[in-house]
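Protein chains: 2
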Amino acid sequence: MSSLNLNTWARPRFMLKQATRSRSMNFHLFHSLTKLHISSPTTTKQKKSQLSSFYSSFSVSAVLTKDDTLKGEEEKEKSAFNFQSYMVEKACSVNKALDDAVLLREPQKIHEAMRYSLLAGGKRVRPVLCVAACELVGGREAMAMPAACSIEMIHTMSLIHDDLPCMDNDDLRRGKPTNHKVFGEDVALLAGDALLAFAFEHIAVSTADVSPGRIVRAIGELAKSIGAEGLVAGQVVDINSEGLSDVELEILEFIHIHKTAALLEGSVVLGAILGGGTDEEVEKLRMFARYIGLMFQVVDDILDVTKSSEELGKTAGKDLVADKVTYPKLLGIEKSREFAQKLNRDAQEQLSGFDQDKAAPLIALANYIAYRQN
Amino acid sequence: MSSLNLNTWARPRFMLKQATRSRSMNFHLFHSLTKLHISSPTTTKQKKSQLSSFYSSFSVSAVLTKDDTLKGEEEKEKSAFNFQSYMVEKACSVNKALDDAVLLREPQKIHEAMRYSLLAGGKRVRPVLCVAACELVGGREAMAMPAACSIEMIHTMSLIHDDLPCMDNDDLRRGKPTNHKVFGEDVALLAGDALLAFAFEHIAVSTADVSPGRIVRAIGELAKSIGAEGLVAGQVVDINSEGLSDVELEILEFIHIHKTAALLEGSVVLGAILGGGTDEEVEKLRMFARYIGLMFQVVDDILDVTKSSEELGKTAGKDLVADKVTYPKLLGIEKSREFAQKLNRDAQEQLSGFDQDKAAPLIALANYIAYRQN
Numbered sequence: 400m401s402s403l404n405l406n407t408w409a410r411p412r413f414m415l416k417q418a419t420r421s422r423s424m425n426f427h428l429f430h431s432l433t434k435l436h437i438s439s440p441t442t443t444k445q446k447k448s449q450l451s452s453f454y455s456s457f458s459v460s461a462v463l464t465k466d467d468t469l470k471g472e473e474e475k476e477k478s479a480f481n482f483q484s485y486m487v488e489k490a491c492s493v494n495k496a497l498d499d500a501v502l503l504r505e506p507q508k509i510h511e512a513m514r515y516s517l518l519a520g521g522k523r524v525r526p527v528l529c530v531a532a533c534e535l536v537g538g539r540e541a542m543a544m545p546a547a548c549s550i551e552m553i554h555t556m557s558l559i560h561d562d563l564p565c566m567d568n569d570d571l572r573r574g575k576p577t578n579h580k581v582f583g584e585d586v587a588l589l590a591g592d593a594l595l596a597f598a599f600e601h602i603a604v605s606t607a608d609v610s611p612g613r614i615v616r617a618i619g620e621l622a623k624s625i626g627a628e629g630l631v632a633g634q635v636v637d638i639n640s641e642g643l644s645d646v647e648l649e650i651l652e653f654i655h656i657h658k659t660a661a662l663l664e665g666s667v668v669l670g671a672i673l674g675g676g677t678d679e680e681v682e683k684l685r686m687f688a689r690y691i692g693l694m695f696q697v698v699d700d701i702l703d704v705t706k707s708s709e710e711l712g713k714t715a716g717k718d719l720v721a722d723k724v725t726y727p728k729l730l731g732i733e734k735s736r737e738f739a740q741k742l743n744r745d746a747q748e749q750l751s752g753f754d755q756d757k758a759a760p761l762i763a764l765a766n767y768i769a770y771r772q773n
Numbered sequence: 400m401s402s403l404n405l406n407t408w409a410r411p412r413f414m415l416k417q418a419t420r421s422r423s424m425n426f427h428l429f430h431s432l433t434k435l436h437i438s439s440p441t442t443t444k445q446k447k448s449q450l451s452s453f454y455s456s457f458s459v460s461a462v463l464t465k466d467d468t469l470k471g472e473e474e475k476e477k478s479a480f481n482f483q484s485y486m487v488e489k490a491c492s493v494n495k496a497l498d499d500a501v502l503l504r505e506p507q508k509i510h511e512a513m514r515y516s517l518l519a520g521g522k523r524v525r526p527v528l529c530v531a532a533c534e535l536v537g538g539r540e541a542m543a544m545p546a547a548c549s550i551e552m553i554h555t556m557s558l559i560h561d562d563l564p565c566m567d568n569d570d571l572r573r574g575k576p577t578n579h580k581v582f583g584e585d586v587a588l589l590a591g592d593a594l595l596a597f598a599f600e601h602i603a604v605s606t607a608d609v610s611p612g613r614i615v616r617a618i619g620e621l622a623k624s625i626g627a628e629g630l631v632a633g634q635v636v637d638i639n640s641e642g643l644s645d646v647e648l649e650i651l652e653f654i655h656i657h658k659t660a661a662l663l664e665g666s667v668v669l670g671a672i673l674g675g676g677t678d679e680e681v682e683k684l685r686m687f688a689r690y691i692g693l694m695f696q697v698v699d700d701i702l703d704v705t706k707s708s709e710e711l712g713k714t715a716g717k718d719l720v721a722d723k724v725t726y727p728k729l730l731g732i733e734k735s736r737e738f739a740q741k742l743n744r745d746a747q748e749q750l751s752g753f754d755q756d757k758a759a760p761l762i763a764l765a766n767y768i769a770y771r772q773n
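So the sequences go chain by chain: A and B. The first sequence begins at 400 in this note's numbering and counts up one residue at a time. The second sequence begins at 400 in this note's numbering and counts up one residue at a time.
So that you can see chain A by itself, here it is in the shape it has in the complex:
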């Protein structure tokens, strides 16, 4: 995996040009991966066995569960920084802010539908990333909290729309019936639209103690992470690639960089902008987010074939059923694991210039994303 060169991703044109439509230029950045030895596709059973060994070798389980066991490198980290307490504290702040942001008002049905999915108890990784990035560059939690909530609203919207019958047609999400199963397809569609619109209202109206110039810049970044150059671009290419036998690694990377990494990038970049970060800080954190964003999806792909629906809180194995291209399918479990490790190292390298105590939450979040169990 040492032959991997992801540095091209960090081209100066991405680094320095704020709010350009640069993400689409990432399309061919990972083609060097295709030079790797790609292991023969393994069976699901083999994959499960390989991945189980992968996780046990790191011995870091999901955060926000009571059986965390931290060993080795993680043990050192624990002494200086209690990640679990940090996540619980921040996730509680986010949950309270979300609960306050979308009240159960008239018309009740749409607000009920919005709140049903928004408050369904996700891990709040994106909003916590946003707040952590804000605090890393010297800002206060409150400066980033409306943006953090907006990002979670958009993430929730994408899940509601993704689950609709005309998309993934999913019945289960976060262990509960999907939005359209409870409220009907029409209301679920509108609840997604309303969450998307309200995300922008919330960041524009509720962000305090930040200059309007930084708020406008943050809104531009947030919007870019969602649309046809961001999240939606990944979804469309994903849909088009289903059932195709010749999907290449560069297409898969395009899908994931847009479908998953874009919003994680938005989370971190918004926090850095709103917290008052310099352009250089914002762009370093952007690169950090791109690496962990892709890593997030590599791990997601592995989890999909190695965990049960009960463990994931959503339908497992659906990539296999939909015959979707995934990292395990293209690289095999072992190479996927190595790729995730490499992405995690590269991500953390971006943080080397920051105060390491202040960077501890982001370092721990990267490790959490790498080693999560659901």
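These aren't lab readings, by the way, just hints derived from the structure by calculation. Any given hint might turn out to be false.
[As the list claims (entries may be wrong)] Chain B is faced by these chain A residues, among others (derived, beta-carbon under 7 Å): (1) L502; (2) S605; (3) A607; (4) P611; (5) Q634.
These numbers were taken from a predicted model, which means no experiment stands behind them. The beta-carbon is built from N, C-alpha and C at its ideal position, and this holds for glycine as well.
Take the given structure of chain A and dock chain B to it, following the hints.
Using the frame of chain A, we list chain B on its own:
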């Protein structure tokens, strides 16, 4: 109709509190209408005959057609201000700006779907209202053009999602097959989402020569006009009221104020904010927009029962088929006509404090909305 009192709509709490969640408080404002004599429901044939007489009495036909005939009051207006030329010129600017804003880039399919509906040749009433309001308060067209395009993107998004099988299930829009008929339901859903997100990116990134404070305020207003306190609120209550026999006028007004008037209000208010209007000017124009917004829907309801699909460029009579509550159904054609006239007068009263030459485009737009034929 003189007993109508719509002034309560103009309560000071609406007038002076920017970016509050005030629209939901309009719910009971039109209840005085229920005191009117409500004529017995007429047949569709009778309604068509009555409305035909209504329109011929005003003799103002649709703009952007070659057979405009302006008589009476409108003739005087024509001498000072050529509305048709104005609309053609502004709509051309808007069309060019929209064409430039959403280019056919990768991934092609989603951009093609976005452009298919966005450039399908609507009348561009909303963006022209935005530009006209900007110019009325002393701004330049360019200051409002990104916002004007954003509003048209959002209007287009709402049409794409409205036409989906899980909503109105419509096959025809602006005389062409609906988006999902051409691109499939999944891509149509995503094209709507992408347009909604890109609307915010465009206004945030492309608005020039306007202070960031005004841009943030405009974004807050735009978002509010779409979400669960705006457009979506109207759609949800509309869906809930289908097939009910006891829908009251106040519910109908809630639906229309939110489903139609909110985005027209957003159009005018954004133009006024970005053009540098004072708070008083912005709020007068907000009231103007609310009156014409409701009028727009009263006229739409009448057109639905009096015109053919060919004349409208969309499926006619669908309110009757869906057993939707409409103004003609509740008030009869004659009272609906009087109500539209009253709303037009009240709207134009809001413009009395402005330079009348500069206000000519908005006055003409109000008349156009009142007397349009499709």
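Verification of the hints:
no.: 1; hint: L502; verdict: violated, 9 Å
no.: 2; hint: S605; verdict: violated, 9 Å
no.: 3; hint: A607; verdict: violated, 12 Å
no.: 4; hint: P611; verdict: holds, 4 Å
no.: 5; hint: Q634; verdict: holds, 6 Å
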